[in-house]
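S.K.: For reference, the chains in residue letters:
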Amino acid sequence: MSAPLVDSLALSTTTSLAIAVGIGVAFGWTLERAGLGNARKLVGQFHLTDLTVFKVMFSAVVTAMLGAFWLSRLGVLDLERVYVPETWLIPQLVGGLLFGVGFALAALCPGTSCVAAATGRFDGLATVAGMLAGVWITGVFIGAISGLYDSTSRGTVTLPDAFGVPYGFVVFAVVLMALVGFRAAEWIERRP
Amino acid sequence: MDRTPALIHSRRALAAAALILGGLAAIVGSPRPARIDVSALAREIATEADHVDAIVLADWIRARRPGLRVLDVRARVEFDEFHLPTAESAPLETIATLHPSFAETFVVYSAGGAHAAQAWVLLRALGHRNVFFLAGGLEEWMAEVMTPVIPDDPDLAATMPWSRIIDVSLYFGGTPTTAAEDPHRTGWRRSIDFEAGRTSREQRPARRWRRGC
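Same order as they appear, the protein sequences are chains A and B.
Numbering of the first sequence is given in the working numbering, commencing with residue 9 and proceeding in unit increments.
Numbering of the second sequence is given in the working numbering, commencing with residue 432 and proceeding in unit increments.
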């Protein structure tokens, strides 16, 4: 049995969605336990007083990256069947800016807003509503913005491809960046 | 969150584990499985899922199929003399430098098809998935794209998308002929599926002794 399981086990859409709900619940639970349901903790990221978000997200990236690399190496995971999002330079820059403004204003991002809403916080509910409204508005006007939306496509680009270095090299570099980043984060947090 | 000794200890252990796994990853280099799945490759060869026909490749090139990369594994001098439209030179010795990519389809060809078939096995061993080769090499291209022969037999003529084959041939500057004009080549495949790249073989034109790999 090899991963991705959705291919090798030929899971139906219903089963896949059910598993997705399970994974989502686990994700939300982990975020809440890390304290990321609290907007004040998240806003500390921008004031450089509490860099928990950085540490949680980056450690998740490292875990997933090492897991994907070694499971593939052992033949358990078929990397070529794993979906890699495509790159559209300008639309993603614009979207990223919008996201950043929203994150700073609401002090919540999409995942953590759901966590906050689930734990009964009204700002979480408001942010979820705003997020859904934004998605709906984009859908309504997708025809008008399709020129921007589809521009500057770069296809599927991964770091090893982009820099022309071996995959394992990138893995090691990201691990080093993470560990150095965690050290730096601790140092920044301790500054008065 | 108070930093108890147990927490510090577990964090240090995790950091060390990450460093070790990352360092080993840098040494190992590639995430491809360490062992080649020979049975899977053999199955693909047996079911003929590994190669495409020249006419299908020609159709893909004409349609600018997204992600298509045509590789010529002959020596550089031969490539410079003549190569297929949109082909890239990838001499066989340099095959290990080709990185697998998610969205690309490789089609490999050589003079007669033998080196292309070998390149197919090597590329699959490297981890590429969407790889095909031209079974008859450039000779197949010359015979079936540049000089296709339309059979006289109306039954045979009805089963194949001949107008499309003629279009593709003319697109590349070929000269389609009818069997009456070329009595030595009487017929061809029974069916061809351009989208899937499948043909079923009923009759093949007689081949002269092949030269080149």
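For the record, the hints were derived by calculation from the structure and aren't laboratory data.
Note that CB positions come from ideal geometry on N, CA and C, so glycine has one too.
Take these hints with a grain of salt, some might be off.
What the hints assert, rightly or not - Which bits of chain A does chain B cover? Going by a derived footprint, with three or more residues having C-beta under 8 Å, they are:
no., region
1, 73-82
2, 104-114
Unchecked claim - To give an idea of the interface, some chain B residues facing chain A are shown, with a C-beta separation under 7 Å as derived from the structure:
no., residue
3, Thr435
4, Leu438
5, Ala444
6, Ala446
7, Ala447
8, Ala449
As the list claims (entries may be wrong) - Derived DEER-like restraints, expressed as beta-carbon distance ranges:
no., chain 1, residue 1, chain 2, residue 2, range
9, B, Ala545, A, Thr146, 39 to 47 Å
10, B, Ala473, A, Glu194, 49 to 57 Å
11, B, Asp468, A, Phe107, 57 to 65 Å
S.K.: Output the indices of the hints that this structure fails to meet, ascending.
M.R.: Failing hints, ascending: 2, 3, 4, 5, 7, 9, 11.
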